[in-house]
Amino acid sequence: MASNYVIKPHTGEILATGVTFEEYLERFAGIHCELVDGNVIKMSPIHERHDKLARYGALLFEAYFAINPIGEIRQDPFVMSTLPELPKRQPDIQVILKTNAGRLAPTFMDGPADIVIEICSPGTEEIDRGDKFVEYEKGGVQEYWIFDSLRREALFYRLSADGTYAPYTVDNNGNYQTPLLPNLLIHVPTLWKNPLPNFFAIGKAVQDMLK
Numbered sequence: 060m061a062s063n064y065v066i067k068p069h070t071g072e073i074l075a076t077g078v079t080f081e082e083y084l085e086r087f088a089g090i091h092c093e094l095v096d097g098n099v100i101k102m103s104p105i106h107e108r109h110d111k112l113a114r115y116g117a118l119l120f121e122a123y124f125a126i127n128p129i130g131e132i133r134q135d136p137f138v139m140s141t142l143p144e145l146p147k148r149q150p151d152i153q154v155i156l157k158t159n160a161g162r163l164a165p166t167f168m169d170g171p172a173d174i175v176i177e178i179c180s181p182g183t184e185e186i187d188r189g190d191k192f193v194e195y196e197k198g199g200v201q202e203y204w205i206f207d208s209l210r211r212e213a214l215f216y217r218l219s220a221d222g223t224y225a226p227y228t229v230d231n232n233g234n235y236q237t238p239l240l241p242n243l244l245i246h247v248p249t250l251w252k253n254p255l256p257n258f259f260a261i262g263k264a265v266q267d268m269l270k
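Numbering (the working numbering), first residue to last: 60 to 270.
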């Protein structure tokens with residue numbers, strides 16, 4: 060049976076309408092777009108700084124989990140579906156712990172990741188700080204981190220008992236520490252360095268944290 064979704068020209072944000080989650084996974088999930096209210100939305104191009112910061116974050120978590128194997132990560136364009144009624148997003152980084160009650164399927168995260176990190180690029184600030192904030196809060200993502208390299212601002216939110224996000228700040232040394240990842244320090248000033256630490260420096264830093 061032919062699908063009833065409508066393909067739109069690639070000249071605007073909306074690539075297709077009337078798309079089911081299954082159709083989205085099959086046809087669109089690998090091309091840097093997200094599903095919102097049945098509409099496939101083409102995301103803004105990734106800025107160079109965004110790409111470097113995403114790779115740095117991924118290496119940091121991978122080094123941590125290599126020593127303390129309590130979870131794993133997924134990166135954009137891996138899809139996260141928190142609740143059936145909420146948009147299907149492709150977070151820049153998803154941290155998924157082994158204790159997560161959701162199901163990590165081969166093509167998407169069925170349920171909220173434990174930590175979601177979005178890295179702002181020009182044109183994505185409003186969505187990252189607005190729409191996604193509300194969606195991840197409602198969808199049960201335990202922590203939401205926003206890294207804005209253009210403004211040199213890092214925001215950290217934790218889900219409170221009442222289901223709303225509460226902001227958390229760094230310590231006097233510029234470090235943020237989440238209770239979900241014992242002894243891992245996110246040194247915020249390092250996020251804005253150019254160049255960012257390389258693979259070997261990241262590995263050594265994580266080893267020192269976990270001694």
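What the hints contain is simulated information worked out from the structure, not anything from laboratory work. Among the hints, a few may not be true.
[To be verified] Straight-line alpha carbon distances no greater than 27 Å define the calculated DSSO-like cross-link-like pairs of lysine-lysine that follow:
1) K252 / K263
2) K263 / K101
3) K157 / K270
4) K101 / K111
5) K270 / K252
Quick caveat, the model's predicted, so the values are computed rather than measured.
Right, here's what the structure says about each hint:
1. K252 / K263: Satisfied, since the Cα-Cα distance of roughly 17 Å is no more than 27 Å.
2. K263 / K101: 38 Å, violated
3. K157 / K270: 22 Å, holds
4. K101 / K111: Holds: K101 and K111 sit about 21 Å apart, inside 27 Å.
5. K270 / K252: 25 Å, holds
Violated hint: 2 only; the structure is consistent with all others.
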